[in-house]
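Dock chain F against chain D, hints included.
Those protein sequences? They're chains D and F, same order as listed.
Residue numbers for the first sequence follow full-length UniProt numbering, so the first one is 1 and each next one is one higher.
Residue numbers for the second sequence follow full-length UniProt numbering, so the first one is 1 and each next one is one higher.
Take these hints with a grain of salt, some might be off.
[To be verified] If the Cβ cut is set under 10 angstroms, some of the chain D residues that face chain F in the computed set are:
| id | residue |
| --- | --- |
| 1 | 53 |
| 2 | 56 |
| 3 | 80 |
[Stated by the list, open to error] Pair ranges (Cβ atoms, derived):
| id | chain 1 | residue 1 | chain 2 | residue 2 | range |
| --- | --- | --- | --- | --- | --- |
| 4 | F | 395 | D | 85 | 32 to 40 angstroms |
| 5 | F | 44 | D | 49 | 41 to 49 angstroms |
| 6 | D | 49 | F | 77 | 45 to 53 angstroms |
| 7 | D | 85 | F | 93 | 29 to 37 angstroms |
| 8 | D | 44 | F | 156 | 55 to 63 angstroms |
| 9 | F | 53 | D | 49 | 24 to 32 angstroms |
Since the hints were derived computationally from the structure, they do not count as laboratory data.
The beta-carbon is built from N, C-alpha and C at its ideal position, and this holds for glycine as well.
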Amino acid sequence: MLLPPMQPVPIAAVSSGLRLRIIGAAGAGFPSPAQDWADDAISLIELLRLDRAASFVFRISGSSMIDAGLHDNDVVVVDRDVTPSNGHIVIAIVEGGFVVRQLAVRQGVPFLEARNSRMSYAATVADDAVEVWGVVRASVRDYQR
Amino acid sequence: MRNVPLIVLSNNDGCAISRSEEAKALHIKMGDPIFKIRDTIKRHGIQLRSSNYELYADLNRRFNAVIAEHSDVVEVYSIDESFFRLPVLANGLGNVRGAHQVRSAILRCVGLPTRIGLGPTRTLSKVANALAKATEKIWGGVVDLHDQALRDRLFREWPVGEVWGVGKALAGRLRPLGVHTTADLAALPPTVARDVGTVVLERLVRELNGIECDDFHPEPEALKGTAVTRSFGEPVTDLSSLREAMSRRAWRAAEKIRAQQLVATRMIAFAHGSRFKANSPSASRSARLSPATNDPRVIVAFANRMAEAMFENGRAYTKCGVLLEELCADGASQGDLFAVPDPRAPWLLAALDGINARFGRDTIGLAAQGIGARQFDTKRSQKSPAWTTRLAEIPIAR
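Next up, chain F with everything else stripped away, as it sits in the complex:
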């Protein structure tokens, strides 16, 4: 697949969500619906692949494990970006050689090409990272922005719209103020920045000047709420499918909060039809969970009842989801005076989670979820194998 134009598709294989450099060169845009670019795909032999989240998650785990060998803190920012600490050198500059070592260790161990931006604040590291990408052929994928003089020089050339957190809309509001480059933005008085774009922009300006504003968060913050929402592969028009789909989302949501030892106090379920059609159905229901729980038997039963209450005959639904909110630590929540706790529940849930951890997700579940693949499941027809996480899909060498 190297040097080949390649597009990764969104859930349901609908749109382009990631493009190789070769595909970008063919003017494929982020979010392009596949049916609109069929001709281009055919003409240039562009390869299509469905999202392979199992593989991405495993490579991301490996990527962070390598970084952790070089740094005492690693903050996972997204599926392909992390912040980490690399102590500055005695002269106050970034450890460029150390960064190159991390970069080559990631390439050697995991096979992922990366770029590293060094800076005294996260905003500056992000800008440095973008510069590292733009100057990869000259500087080999590492840029250090600890030096004020270098910042001054580079920021004059760097458009403000390329800065982390400055979107198109904000760049448009900055233009009348004469702010076109990153240097202009860094020179903006903090109070003016706040007037144009709230306290977030003020913080960003400070960070561009090397003053760290956000505390480093090596530990991910505890979840405040969780949502499991998915579009259907095919529209759903019957109640039993909607119930099964809702039950699957509910099961997964309960599983997610159990993994963090949290319980939910409030639950919301929704279902709606296509946004592109007039008079589409749209409904939601909410319920208070008392006592707070992460038990799928309770949460899935609610999801079922809510699906029933929402469903209207003769309508087509394209998406549904379950949200669990007002989460708190398991054991720290208030009990319910009238509820009789099930003493065996913790054991049962631990057994369910243990079975699914060992034998794969959805090995065991509730009957309400239905069994096997359904027409409403997400379509991932062009998925590459889970090379690194499933024994049945590991690569073969001859």
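Chain D extracted, bound-state conformation:
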């Protein structure tokens, strides 16, 4: 049976997570000497450990953490299987909504602090009314957005 001719795929059309694999045997010419070494494409799922039960994905809105390198619209991987400690960037529930802040322990008191030198944000004491939901482990930015 004839296969339709292969068309090059424009990079923009390749969605994230799509694995492209070129099988050498499909060509009619000299068999590729590399075909026995063919490997799967690099997996971002593996890199970001998205397949773990404790990994969740959030989107960042606003610029409260811009000095820490988190921009509006960034997607972050949040790990619940980590004990939050001083310096971690965390997702917390404050007054019923999710916020992203840095956990800073000052004189034994944990604070949730924004990282934006141009705007002033109130620091929140991470007391019983605040729930630290998870620790930000990685961020993904789409520069075309």
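Coordinates of chain F only, in the frame set by chain D:
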């Protein structure tokens, strides 16, 4: 939503199918139709949510993944319950500390509060689990029933109707025999148990005494048949809607058996009207599929023809469904002497399933299914987002 009375609604947002502790305290019952409890909902500010199966399935996957890190076998029993093995300690008692570790790992990683019941049989673990729920404040959500003396003591207080598999009807038949508590049931001679409630009750009595009767099934059993049936959001009165709805059920049923590499030999389609109205329509058709198949082009075409054959003008249908039966492994089925197999079908089906797996269910389908949402689709108007499975619906942090 914590500490707030909350009700989860059934398909079509009709009845309460799950209630938070706060909602239970307001006397909301399982299966209560929402229109009957409108006043209570308003008065107490009860929150309503449609079923969010995408989220439940994903949390269940995570829940089982955490358990699998602590146990060599995990048997998924339902959307919120699993059996797993935790080896007993040298003294023959359950590993309570290990169970607490599993429990806190699930809470930490997935955020789900759980209770764990330990026991030498599944029935005893189920009873232990129910006891763990009732005694959560005292024992922290873990109860071990490996100890016979503890069982004897607790079973005297535990009503027989609370035991897994003993329903209201059976509890009623046991009462004249003087069986009121779980201890009474455990003491029932197996032969008497069989007379009152078949071999199932006999097995249950043995299991209550610590004798495992069912083999542990870590692998789910292969499907023998599958059914995709759904009520309509609005009654259907025209043939083209019924055909589209039937085609959608048929497509989904074929998809389900393909996922298990099975083919169907027999197919049944049905449609009926409201059970609460007299003289409602009710019809079904069946067909033999030869050769056995999981090809939606064949199955959807049959579904279409059956819908046409069933439809009566001027009647209102409220539900339809497709059943695929006599399933067998793809490739193991008998061929059909007169059928010419389509050599490209496996590739086409793999491509369809690949596209829908990657880009979401129903990205590609047959034209017979119609396109987009229809009035007959299930209503889930109060659904919370698919927080964990759809990029467009992930939570936002500010």
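Here's how the hints hold up against the structure:
| no. | hint | verdict |
| --- | --- | --- |
| 1 | 53 | holds, 4 angstroms |
| 2 | 56 | holds, 6 angstroms |
| 3 | 80 | holds, 5 angstroms |
| 4 | 395/F x 85/D: 32 to 40 angstroms | violated, 23 angstroms |
| 5 | 44/F x 49/D: 41 to 49 angstroms | holds, 42 angstroms |
| 6 | 49/D x 77/F: 45 to 53 angstroms | violated, 28 angstroms |
| 7 | 85/D x 93/F: 29 to 37 angstroms | holds, 36 angstroms |
| 8 | 44/D x 156/F: 55 to 63 angstroms | holds, 57 angstroms |
| 9 | 53/F x 49/D: 24 to 32 angstroms | holds, 26 angstroms |
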